[in-house]
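Engineer: One letter stands for each residue in the lines below.
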Amino acid sequence: MSLTIHHDTEQDCLTLQLGERFDFTVHRDFHDACLGGRPARSYVIDLGEVNSMDSSALGMLLLLREHAGGERSEIRIVNAGSELRGTLRVAGFDKLFVLH
Amino acid sequence: MSAIPAPSFPRLPLGLSVSAVALLLCLVWQPAWLAPLAIAAVSAAWFVEQRRTPARVVTVLPPAQDSAPVREALEDVREALVEELGHASRELHQALDLLRDAVSELGGGFDGLSHKTGQQQSLLKQIIDGQKDGVSVQDFAARTSDLLEHFVGLIVQLSRDSLRIVYRIDGMAKEMDAVFGLLKNVNTIAEETNLLALNASIEAARAGEAGRGFSVVAGEIRNLASNSNQFNEQIGSHVERARTAMEQLRGLVGAMASQDLNMALSTKGGIDAMLAHVTESDARTSKVADQVVEINRGLGSDVSTTIRSLQFEDILSQLINQTRTRLVELQETTAECTRDIEELACTDVEAGALAEHAQRVRARLSMQREKARLRARGPALQNSMDAGEIELF
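Here the protein sequences line up with chains Z and V, keeping their order.
Take the first sequence: its position 14, counted from the start at 1, is 14 in full-length UniProt numbering, and no numbers get skipped.
Take the second sequence: its position 186, counted from the start at 1, is 186 in full-length UniProt numbering, and no numbers get skipped.
It is worth saying that the hints were derived from the structure and are not from the lab.
It is possible that part of the hints are untrue.
What the hints assert, rightly or not - Examples of chain V residues lying across from chain Z (beta carbon under 10 Å, computed):
1. 259
2. 262
3. 345
Quick caveat: nothing in here was measured; it's all calculated off a predicted structure.
Ideal placement from N, C-alpha and C gives every residue a C-beta, glycine not left out.
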């Protein structure tokens, strides 16, 4: 499974653990996991296992941000490697998300 | 000239007679204390005698007839001295000319150097100012970096919108599936209708003549069911094609959404590295330029110091001129004095004239000394190079 979801109901925090690839192949799972229903209060995107990522991943993250309330959203991106971090920074995501 | 003391003949009898008297007294009357007294008396007498007669000086003059070689020798001495002094004076003059030429050339050279240093400095200033005003590589790299970020932002937005379309297509596909499911229901209805129509026509046949009309209706209904089935199949195939087309569209839009960002990332890395390099290089260049400006300033001040130092020519000229004057005067004095000495040495002169000549020589020398003294007091010579600044620029 390329996407594992864990929902902390107490905190209403949705954790998405991505697999090796974070690209168009996961778009349907991603949609079903967090873009379909009611938005959670906060999200944690774990990129620890990801070693390749393309622009569709960033598009999905932007859609998640819109779904979660834009400026009011609380999305943390954790465990990103240096290369992924560089990509996120070039795209200006360090200003839109909390990068750990 | 030599003074020889004359032998003291008149003193001899007195000394002898006193000594004889003393000897006689000693022989005739001989107490022990008389001998030292006698010796004291003799000595006193001798001493008094000695003091009373002054030494007579006799001047021995060389004979006049032997004066020719002396005159010649003195003449030679005078000529040699005068000639040497003249040489020295001329050489000093020559040295002065050389000094003037050399100093003027040195001055010209240093003026040129100072001018060129100034030009160099102004050129350097232009370069530095140009660097500050113009579009720097740093600026260019920063703009490129901004552009790249903008470009990446556009790609990400495109991906987001593409995904949005994909999700819409997925929604539409679900609707299509629902239509498909409904069409199956319609199909079932048509089949059941067909079955009903079949049953109806069977019942109509059993009814015989009375059921003929009903049989026709049942046949029509069967036709309708069959038509409905055909329509259903057509709709189903259209919907299927629409689904295939949507699936293709989904693939296309999905490909649009999936852009490789590695190129942008590596380009960004390259730009960052370039920026760092340019910043470092700029800092180094400006540091070196500052150093060069400082060196140039030092050079200018060195040149001005050197030009100021060339004033030594003035001081040296004054000194040499003064020395030349001294030499010329010395030449005259030497000529006159040697001539006087020659007179003295070679002619037979009496004591009065001799004294007069000596007096003249002394007077001449003291006049010369007085002149030298006055000159030393005259317009003061510059002793130091440090006085006075020269402004070059």
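Engineer: Hint by hint, note whether the structure agrees.
Structural biologist: Results for each hint:
1. 259: holds (4 Å)
2. 262: Holds, because the Cβ-Cβ distance from residue 262 of chain V to chain Z comes to roughly 8 Å (cut-off 10 Å).
3. 345: violated (115 Å)
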